[in-house]
Amino acid sequence: PAQQPWHSSQYQTLPEVYVQNASLEIARAQLIFESRTIAGEVVMPFFTEGHEGFDINEEEDWQLAEGMLSSGEVELPPVTVDPFPRKT
365 PAQQPWHSSQ
375 YQTLPEVYVQ
385 NASLEIARAQ
395 LIFESRTIAG
405 EVVMPFFTEG
415 HEGFDINEEE
425 DWQLAEGMLS
435 SGEVELPPVT
445 VDPFPRKT
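The opening position of the sequence shown corresponds to residue 365 in our numbering, with each subsequent residue numbered one higher.
Simulated from the structure, these hints should not be mistaken for laboratory data.
Treat the hints loosely; a few may be bogus.
To be verified - Between beta-carbon pairs, the in silico distance windows are:
{"#": "1", "residue 1": "D425", "residue 2": "F397", "range": "24 to 32 Å"}
{"#": "2", "residue 1": "Q384", "residue 2": "E424", "range": "18 to 26 Å"}
{"#": "3", "residue 1": "A403", "residue 2": "P369", "range": "27 to 35 Å"}
{"#": "4", "residue 1": "G414", "residue 2": "T377", "range": "36 to 44 Å"}
{"#": "5", "residue 1": "T452", "residue 2": "E380", "range": "49 to 57 Å"}
{"#": "6", "residue 1": "S434", "residue 2": "S399", "range": "37 to 45 Å"}
Since the model is a prediction, treat every value here as computed from it, not as a measurement.
Just so you know, even glycine gets a beta-carbon here, dropped at the ideal spot from N, CA and C.
Please model the entire structure based on the sequences and the hints provided.
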């Protein structure tokens with residue numbers, strides 16, 4: 365039923381839900397200057413799969429990433445360009 369609470373609903377009747385990650389965020393500079401945030405009113409999805417949206421914010425995230433790399437669960441893409449020259 366339409367008025368039934370979500371916690372009492374069957375899984376297949378629940379609405380689709382998405383989770384934000386930090387894999388790609390784009391905002392107009394004007395938004396950042398005016399609101400001091402990149403979170404605007406109009407949001408467009410960028411869908412990621414698996415570990416594509418993995419975000420490193422804490423030491424534990426770094427350790428998890430190292431574990432996934434050493435186990436072969438994930439791979440980093442090869443670096444195909446020269447590093448940006450450092451000023452000396």
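**Study point:** Assessment of proposed distance window 27 to 35 Å (beta carbons of A403, P369)
**Key:** 28 Å, holds
**Study point:** S434 paired with S399, Cβ distance criterion 37 to 45 Å
**Key:** 41 Å, holds
Practice item. Mind checking the hinted window 49 to 57 Å against the Cβ distance between T452 and E380? Key: 52 Å, holds
**Study point:** 18 to 26 Å as the expected CB spacing between E424 and Q384, which holds or is violated
**Key:** 20 Å, holds
Practice item. Evaluate the given range 36 to 44 Å for the C-beta pair formed by G414 and T377. Key: Because 27 Å falls outside the window, the suggested range is violated.
Exercise for review: Kindly confirm whether 24 to 32 Å is satisfied by the beta carbon distance between D425 and F397.
Suggested key: 30 Å, holds
Comparing the model with each numbered hint stated earlier shows that hint 4 is the single one that does not hold.
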